[in-house]
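Novice: Listed below, chain by chain, are the residues.
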Amino acid sequence: LAKTTQPISMDSYEGQEVNITCSHNNIATNDYITWYQQFPSQGPRFIIQGYKTKVTNEVASLFIPADRKSSTLSLPRVSLSDTAVYYCLVGDRVSSGSARQLTFGSGTQLTVLP
Amino acid sequence: GAGVSQSPSNKVTEKGKDVELRCDPISGHTALYWYRQRLGQGLEFLIYFQGNSAPDKSGLPSDRFSAERTGESVSTLTIQRTQQEDSAVYLCASSIQGQPQHFGDGTRLSIL
Numbered sequence: 003l004a005k006t007t008q009p010i011s012m013d014s015y016e017g018q019e020v021n022i023t024c025s026h027n028n029i030a031t032n033d034y035i036t037w038y039q040q041f042p043s044q045g046p047r048f049i050i051q052g053y054k055t056k057v058t059n060e061v062a063s064l065f066i067p068a069d070r071k072s073s074t075l076s077l078p079r080v081s082l083s084d085t086a087v088y089y090c091l092v093g094d095r096v097s098s099g100s101a102r103q104l105t106f107g108s109g110t111q112l113t114v115l116p
Numbered sequence: 002g003a004g005v006s007q008s009p010s011n012k013v014t015e016k017g018k019d020v021e022l023r024c025d026p027i028s029g030h031t032a033l034y035w036y037r038q039r040l041g042q043g044l045e046f047l048i049y050f051q052g053n054s055a056p057d058k059s060g061l062p063s064d065r066f067s068a069e070r071t072g073e074s075v076s077t078l079t080i081q082r083t084q085q086e087d088s089a090v091y092l093c094a095s096s097i098q099g100q101p102q103h104f105g106d107g108t109r110l111s112i113l
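Sequence lines, in order, name chains A and B.
FYI, the numbering for the first sequence is 3 to 116, going by my numbering.
FYI, the numbering for the second sequence is 2 to 113, going by my numbering.
Watch out, some of these pointers could steer you wrong.
Not the full set, but computed from the structure, chain A residues with beta-carbon under 10 angstroms of chain B [what the hints assert, rightly or not]: (1) M12; (2) N27; (3) Y34; (4) R47; (5) S83; (6) F106.
Rather than coming from a laboratory, the hints here were simulated on the basis of the structure.
In this text the structure is predicted, and so the values were computed from the model without any measurement.
Note that CB positions come from ideal geometry on N, CA and C, so glycine has one too.
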């Protein structure tokens, strides 16, 4: 069972790039890494998913080194509205149909300051 | 389009009572997940349904917790003889098999 570790909190200023790292030393071969964003009183919202190397979409990039024991979510030019909790999830995409327990990290509270 | 819907949004009940929480997944999503989130904490996996396969119940904390799903539609999470430590937000998510999860906004359960 892959356990994940993230910083509890981070502060940044508007317009800066923010990098949040998640450690997952026991990641399994079939595990993907997914990041979610959560605002108060809402459910988490999908940001990005990857398996290895680098993935980029319209809101973020995800960097995964060759050993896959960590991953880094990169948010370019953050704004005040990016203040939220960010979760790293490691788990099987269950594409095989088998069920696996999914492990969310404890989350990183990102606070963007003006 | 419609997202994952959970009801009620808030539930207050007395210790010892049974509660039933409902989740309506996105149409066509074969996978459904339940999580528990205590105040200020991360998400704790409870149970996973995938199509007609046997559910993965490995995250259920005790035999007071159970969940059912009818086909690929509605799911209910039942907590019997509620305890104060059951107070939390219960989140439901659904997905197409192998794809990222879509979450509802949860049911905030308070046990008095």
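Novice: All the hints need checking, so say for each whether the structure fits it.
Specialist: To see whether the hints hold, each was checked on the structure:
The criterion of a C-beta within 10 angstroms of any C-beta in chain B is not met by M12/A, whose closest approach is roughly 16 angstroms, and the hint is violated. With 10 angstroms as the threshold, the beta carbon of N27/A stays out of range of chain B, its nearest partner Cβ sitting at about 18 angstroms, so the hint is violated. With a least beta-carbon distance of about 9 angstroms to chain B, the hint placing Y34/A at the interface is held under the 10 angstroms criterion. At about 7 angstroms, the closest approach between the beta carbon of R47/A and any beta carbon in chain B falls short of 10 angstroms, and the interface hint on this residue holds.
For S83/A, the shortest C-beta to C-beta distance to chain B is roughly 18 angstroms, which exceeds 10 angstroms, and the interface hint is violated. Interface restraint check for F106/A: the shortest CB-CB distance to chain B comes to about 4 angstroms, inside 10 angstroms, so the restraint holds.
Comparing the model with each earlier hint shows violations of hints 1, 2 and 5; every other hint is respected.
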